[in-house]
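K.L.:
3 is the number of the first residue of the sequence shown in my numbering; add one for each residue after it.
No lab work stands behind these hints: they were computed from the structure.
Derived DSBU-like pairs (lysine-lysine); straight-line CA-CA distance at most 35 Å:
(1) 180 x 201
(2) 180 x 235
(3) 142 x 201
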Amino acid sequence: MIIPGVEDGLKKLPWFCTSSTTITGSVNCDIVVGHQAVYRMCFAMAAFFFLFVIIMICVRSSRDPRAYIQNGFWFIKFLILVGITVGAFFIPNGVFTTVWYYFGMVGGFLFFLIQLVLIIDLAHSWSQSWLQRAEDGNTKCWYAALLICTVLIYAGAIVAIVFLYIYYTGSGDCVHNKVFISLNLIFCVIVSVVSILPKVQEAQPHSGLLQASVITLYTIFITWSAMANVPDKICNPTLLAFVHTGTNSSNSVAAQWWDAPSIVGLVIFILCTLFISLRNSSNQQVNKLMLTEESSGDGGVQSTEDGVYRAYDNEEDGVCYSYSFFHFCLFLASLYIMMTLTNWYLPGSSNNSMTSPWSAVWVKISSSWVGLLLYLWTLIAPVIFSDRDFS
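I would like the entire structure built from these sequences, with the hints used as guidance.
P.N.:
Shown next, in the form of structure tokens:
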């Protein structure tokens, strides 16, 4: 929706661009056509998933008639999604984009937290897996791999911090940038030190610097993403720029939506999605979700009379996952994608201008702080509640 070819087609829709009058000196309504289309596409997805959040509330087992909707009727569900999408493009501009922006900001913040939990889970799983292999054999090789990965990740984080100081604190007036970068650097050092404290190591033997390095690098990324939204060209050289597509000022202009933080953010989103999919697709989980008549209670194989193995419903006593929460996560993901594709920029009052508000900066910075607190809690919780099993 934001590539030039598609935007040219969208400009033919009269309610998307009703005027070519130039505003704020360089931007006209043609600029925000793709932005408005992204908002409508993601609105349709979010509305679709939120509808299923409501429908699937308190589904306890497959005996509930609503479970048939969750696990079937795919053609009808796709028709509903297409219908909502088409209808979304007929929503009048008005205040829709501005109001939906704030919905996207809240949803994006919540999805940041979900993504942070996945990152923390990934870091712990990675460390536990390699330490377990080191204990099983070839100790030197696996410990060397852990050390090399930890050093490389910390080195990447240090380089990133240096670049943040160089590019986003160039002026003496950029006090806010210096404070944000310095605070997150200090917090990352604190969690790294806590991760190797003797009491933490005793309560959680698999805890170490590998997890802390992953969290540090991700925190620095969120800090970078926040700095890219600072509404000050002096303190933010990557502030969204508009370029002329022609050779003179009379030609139309186009927005450079794809900046580096957005691209990296989408890559991390895809990697987190792959991680949670693979993690939930372990043999144990697959066996739980897809029990068949060929599996007996003792792990043996039972052959059927006609030689065909048929799946049976194993959710009659209870669902294997929360249907409603599943769709709620997809609802938040739709809002997060919307905000990432549009760089968290706020449309102007006339929907013909784009600004980078401080609220986007605070959402990202605060999410990084919450993420560090979550990781710190995973380290100290086993120490505080020594009588609980955190394995």
